[in-house]
Each structure stands twice: as structure tokens, then as C-alpha cells.
Amino acid sequence: MNKNNIFLLIGVAILIAGLGWVYYAQQRQEQQVSPQPVSQTEEATTAADLNEKRVELSLESRTLFPSQVTVSQGDEVVLILISDEAGEFHIHGGYDIRNEVEANNPKEIRLTAQTAGRHAFEFHPEGEEEDLEVGALVVNPL
Amino acid sequence: MLFSAITFILTFLFLAEPVLAHGFGQRIDLPIPLHLYISGAATTVAVSFFLISFLSEEKYLRLKNYPRFNLLRLAIFKLLVSNPVIIFIKIFFVFVLFLLIVSGIIGTQLSIYNISPVVVWILFAVGMVYISAFLGNIWQVINPWKSTFEFIETLSMKLFKEGVSLNLNYPKTWGVWPAVVFYFTYKWIENVYPKSAEPFSLSLMLLQYSLITFTGMFLFGKDVWLRLGDPFGFLFRILSKFSITEVKSDGKQVNLRPPVVGLAEEERMGISQIFFVLLMLSILSFDGLKETLIGFKFSSFLFDLGFNNMLVNTAGMIFLAMIFILIYLLFSWLIKKIVKSSHSIVNIGASFVYSLLPIAIVYEVAHYWVFLTTEGQRIFYLISDPFGFGWDVFNTASIYPDYGVINFLSLWNFQVVLIVLGHIASVYIAHMIALRIFGNSKLAAKSQYPMLALMIIYTTFSLWILAQPLVSGV
Chain A
367 MNKNNIFLLI GVAILIAGLG WVYYAQQRQE QQVSPQPVSQ TEEATTAADL NEKRVELSLE
427 SRTLFPSQVT VSQGDEVVLI LISDEAGEFH IHGGYDIRNE VEANNPKEIR LTAQTAGRHA
487 FEFHPEGEEE DLEVGALVVN PL
Chain B
174 MLFSAITFIL TFLFLAEPVL AHGFGQRIDL PIPLHLYISG AATTVAVSFF LISFLSEEKY
234 LRLKNYPRFN LLRLAIFKLL VSNPVIIFIK IFFVFVLFLL IVSGIIGTQL SIYNISPVVV
294 WILFAVGMVY ISAFLGNIWQ VINPWKSTFE FIETLSMKLF KEGVSLNLNY PKTWGVWPAV
354 VFYFTYKWIE NVYPKSAEPF SLSLMLLQYS LITFTGMFLF GKDVWLRLGD PFGFLFRILS
414 KFSITEVKSD GKQVNLRPPV VGLAEEERMG ISQIFFVLLM LSILSFDGLK ETLIGFKFSS
474 FLFDLGFNNM LVNTAGMIFL AMIFILIYLL FSWLIKKIVK SSHSIVNIGA SFVYSLLPIA
534 IVYEVAHYWV FLTTEGQRIF YLISDPFGFG WDVFNTASIY PDYGVINFLS LWNFQVVLIV
594 LGHIASVYIA HMIALRIFGN SKLAAKSQYP MLALMIIYTT FSLWILAQPL VSGV
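Chains as they are written, first to last, in the numbering used here: chain A, 367 to 508; chain B, 174 to 647.
Chain A with its partners taken away, still in its complex shape:
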């Protein structure tokens, strides 16, 4: 067997291994995804909306927790934000939602996650010009 054929064989082997792995990864992903509809129907009796996703956010000393909210495209999202400082809370990128926030007074922000992508949360403390990027809304595509 000459050298070129050996290279060719290695190439084919790697390609097959790669494709096999992708197939396996996709299968596994589907398996992980498939149980969800069952649990959702179970929850349907308790939750008002099937796709509604409620997340509590706390902004303490200008640090947001959790700093990232991950949802799926099409989800109805309700963010409940408690901040220890008054200011404006923005969701940028594809949303451009602005909300006034009072100190220690929970603020409910509702949105439909229509645009996929990573959309920054920014906090603008009252009386300051600073724009602080404190986290992001990550909307995974369907």
C-alpha cells in the first residue's frame, strides 16, 4: 500500500468518525429534548401558560444574578427584577425594552422572545451617565 492510500484511508476514517459523532450527538440531543412535552403537559394544569417562563433577577451592588437568562424562541418571558438601586433597566439587541426601576421594589417585565440571539441587559443608575452591561437574555433558535 503506498503512502497516498494510507493518507486517504486515514482521511476517510476521520470523516466517518466525525459524521458518526454528529449523528450520535443529534440523537442524544433529541432524546434529551423528547421527554419535555410530557412534563409540560403535566405542568399545564398548574401553569397558566404552557410556554411562560418566569425568572427572578436580583441586582445587588450593580451585579445581576443570574446574569444570563436563557429561553427558547417563542417563549413568553416574565422577568421579575429587584434592584437595590433606582435606575433604568434596558434589554437591548433585538428588543429595545426600557423600564424604570425603583430601589427594592420588584418590577415585572414581560416580553415574547421572538428574536433569537444574545441581547444585552444594561443598567443605567439614576443620575449617572454610565451604561453598565450587567447580563444578557439568550434566546435559542428553534
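The reader is advised that the hints may include incorrect statements.
Think about it this way: if two alpha-carbon atoms lie no more than 20 Å apart in a straight line, the pair counts; the simulated EDC-like pairs of lysine to aspartate or glutamate are [stated by the list, open to error]: (1) K368/B x D497/A; (2) K369/A x E231/B; (3) K334/B x E323/B; (4) K615/B x E231/B; (5) K368/B x D460/B; (6) K251/B x D423/B; (7) K619/B x E230/B; (8) K473/A x E454/A; (9) K345/B x E440/B; (10) K421/B x E440/B; (11) K368/B x E496/A; (12) K473/A x E422/A; (13) K345/B x D396/B; (14) K345/B x D423/B; (15) K369/A x E230/B; (16) K368/B x E495/A; (17) K368/B x E451/A; (18) K263/B x D423/B.
Simulated restraints on C-beta separations [unchecked claim]: (19) F250/B x K473/A: 38 to 48 Å; (20) Q439/A x T327/B: 54 to 64 Å; (21) Q439/A x Y622/B: 37 to 47 Å; (22) E492/A x E440/B: 22 to 32 Å.
No wet-lab data here; the hints were simulated from the structure. All C-beta atoms in this analysis are idealised placements derived from N, C-alpha and C, irrespective of residue type, glycine included.
Keeping the supplied structure of chain A fixed, place chain B upon it in accordance with the hints.
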């Protein structure tokens, strides 16, 4: 010159307050999923083996005499490059430059409502790279500084019967070092300097760049300066070697040609050329890395040690560039050893360095695609209201960016396919160069083992960056 650039940067590093560096515009990118990253990487390796086992010498050399079609044979293209049209285009871009400078001074200081940051940091910094790499070296026609200088020169010829340039001898030892220094400064401003998107400071920077460029053209003549000293002249020219057009015989031929092949042409300019290309590659990776979780954790660690934001980012840029250059020189040395070549390491490095450009170009496209197609849309409202005064000149003032144009599922596939194609192009070009400099096909093939390894590393590294989780916030 190097000294003045360094003092310029150091002044900012230690005098400026630690302001939160804010990249201009919003990036809504999502990392590519793991299975796509792995399959992309596997395909890259597999394709590499296919290339070295399948392609024979003649197949590589066939593209040396690639097909060309002179566009000047088409009446419509002839009209497009006729004097009146070219003069109109040049005047238009001089007007754009003037508008950008004025806009920063009299317009609103809110970056996204002022035309200057959008044109400079999106349409020029990203868009011109795409245009040069895919269509050709259009910058040499539209460059407003060049046009202004040409105008002054023509005027002076008419009035005083002599040009304005001193036409001093450009020192050979300078290589493209001035371009390297100014390119680093430009990228530093883009990536690190917190006021990069403030319209007023942008106007000042445009004026400073104008002063540098006019001085360079005045001292050494416009062609020499724009070829060797000017960062954009050099950058867009080497990128256009990847494109589908070439200009030959002093503009008498504007050929359509297969893409990529221009990169195999001989052009050795020594160590400064290696520095320029690897600086470009490393800064591109740096820009990707700093938004990832790993980059973020690493810089947070340094912030905790008490270093300020600008210092960390500047050091990061320099450090990554040094690593890239060292690795590249190491692989050049490996090639020299394997082939037992009499060429110096620098000569070998300079000969092969353009073969890395395809991977860099496709990564640039993959990395900035979302940014260009979403944030770039701001130009629609800005052409109607360039200063943010509330005008509506072209009735487009209410067209805001639509972020829904991005379909991430197709985008991810597009990114991975593109990167694999770029890898193929790079391997191919490196092989053509090897055949040219080592003459015999056995040596050429041998010399390509280290190169292939380097390209696999670089391609998978680029894919890896695209697959990394991203972070925002402080």
C-alpha cells in the same frame, strides 16, 4: 515612529480613567453548537488528508495559469471605470470623509445617532475588509486621502509645473513597519480605547490619521507610502489577492479570475510582512476570544490583581500577537529543517504567510457576519439624519435595525462550511507556494507537513472560538 505610537498608547493607559470599555454596537451572536464544531473540525482534518493524497503536482500547477477575463472588454464596465465616473466616485468619497469629520464635531455625541461611528467601525472596519477580500482592491480607487492628494498634485503640476511630493527614498530597512505600527494602533483604538465610538474623538482621530497619511505621501510619494507605510493601503491590497479580480499592466487590464489564486504570487517583504499578517490574524482571534467565557474569566482574574481594563486588553493583544508570531516562526523553522533548505527562516515565513489569509478571511466573515448585517442597518436611518438633528432627508429616518434577519440555524452551518472552505484554500495555496520555492514536488510535499499541522491548529482554533460560550457584563 514606533516610539511615538508607543508613547501615544502609554499616555492613554496610565492617564485615562478606568472606563468600562464598550464595544460599539450590539453583538447578538450565539456560539455554534458543539456537534457542528466537532464535525467542522473533523472535516477539516479529513479534507487536509484528502488534499495531500489526491492532488498531484500538475493539479496544483494547473491553477498557476488560471483563466482570466478582461472586464474592460465589456462596454458597461468600461463606462464604469471611465474618467468622469471615477472622478465622480472619488469626489463622493472625499465628501463622505468630510461629512464624517464634520459630523463628529457638530453632530450629536450619542454614537448610534451619529453617522461617523457607524461608517468607521462597521462599514469601513468590517465592510471594506469583506469588499477587498471578495471583490477586489476598491480602496485604491475610493481612498479619499489619495484622491485629495492627487487633486493637489494635479493642481500643483498645472500651476508650478512640479509635483508636491519630496519623493524621498523610502528606507529599505523600514519594510512595512510603519504599516505594522499604525495597524496596531488602529486595532488598539477599535478594541481597547474606550472613546473609540465617541463621535468627537473619532473626528480627532480621523484628522490625526489624515495628518500622518498626507505627511507620508508628501515625503515618499503617494504610491510608495500607500503601498508600504499606510496600514489600510497594505491591508486591503493583500486581502484583494484573495478576491476575484486583479489589475494588471497599469490598469489596462482588470481581470476576472478564480478567487484565492492571487495569494500564491510571489511577494517577499521580510519580517515586517510576517508581523503584519500575524498581527492581523491574532487581533481577529483576540476580538473573538475576549467575548468568550474563558477570555472573560482570564481578564477578571487580572482585574482582581489590580490591573486596569485597558492595560489588560493591551497586554492581551500584544501577548497573543507574540504567541502567533513565535508559533509561525517555529513552523517556518520546521519547514526549513525538514526540507534542509538554504532559505532563511524569515524568507520561508514570508513566502508562506499569505497562505494563512484564507482561514483568516473566512473567520472574519463568520465572526462579524451578524454584526455587519444587523448593526450595519443603522446606516439606513443615518443617511437621512447623519448628525442626529432629527432630519429625514431621504425618508428613511425611521428604518431601524431588524435583528430578526438572522436565522441562526442556517448561520451556524454557513459559518462551519465557510471555515472548512477557507482551510482548503489555505492548504492549496501553501502547496502552490511550496512547489514554486522548492522546485521538486517531493520536497514541496514534505515541506507541507508542518504547514498542514499549523493550518489544522489555526482552523480548529477559529472554530473553537466560535463555539465558546459568550458572556456579557462586568
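Each hint, compared with the structure:
Proximity of K368/B to D497/A is assessed by CA-CA distance (about 14 Å); at most 20 Å being required, the pair is judged to hold. Restraint check: the Cα-Cα separation between K369/A and E231/B comes to about 19 Å, which is no more than 20 Å; the hinted pair holds. With a CA separation close to 14 Å, the supplied pair K334/B and E323/B stays within the 20 Å bound. Between the alpha carbons of K615/B and E231/B the distance comes to roughly 13 Å, so the proposed pair stays at or under 20 Å and holds.
With a C-alpha separation of about 17 Å, the suggested pair K368/B and D460/B falls inside the 20 Å cut-off, and the hint holds. With a C-alpha separation of about 15 Å, the suggested pair K251/B and D423/B falls inside the 20 Å cut-off, and the hint holds. This hinted pair checks out: K619/B and E230/B have alpha carbons roughly 13 Å apart, not beyond 20 Å. Proposed proximity of K473/A and E454/A is supported: the alpha carbons are some 11 Å apart, at most 20 Å.
As the CA atoms of K345/B and E440/B are separated by approximately 15 Å, the hinted pair is consistent with the 20 Å bound. With a CA separation close to 15 Å, the supplied pair K421/B and E440/B stays within the 20 Å bound. Only pairs whose Cα atoms come within 20 Å are accepted, and K368/B paired with E496/A is accepted, the gap being roughly 13 Å. At most 20 Å may separate the alpha-carbon atoms for a hinted pair to count; K473/A and E422/A meet this at roughly 10 Å.
For the proposed pair K345/B and D396/B, the alpha carbon gap of about 15 Å is at most 20 Å, so the pair holds. A hinted pair counts as satisfied when its Cα atoms are at most 20 Å apart, and K345/B with D423/B does not qualify at roughly 24 Å. Proximity of K369/A to E230/B is assessed by CA-CA distance (about 16 Å); at most 20 Å being required, the pair is judged to hold. Proximity of K368/B to E495/A is assessed by CA-CA distance (about 14 Å); at most 20 Å being required, the pair is judged to hold.
Annotation: proposed proximity of K368/B to E451/A is violated, straight-line Cα distance about 27 Å (limit 20 Å). Pair hint K263/B plus D423/B holds up; C-alpha atoms about 19 Å apart against a cutoff of 20 Å. Range check, F250/B to K473/A: Cβ separation about 60 Å, and the 38 to 48 Å hint is violated. A beta carbon spacing of about 57 Å between Q439/A and T327/B agrees with the range 54 to 64 Å that was offered as a hint.
Separation of Q439/A from Y622/B is about 45 Å and conforms to the stated range, judged on CB atoms against 37 to 47 Å. Separation of E492/A from E440/B is about 58 Å and departs from the stated range, judged on CB atoms against 22 to 32 Å.
The earlier numbered hints that this structure contradicts are 14, 17, 19, 22.
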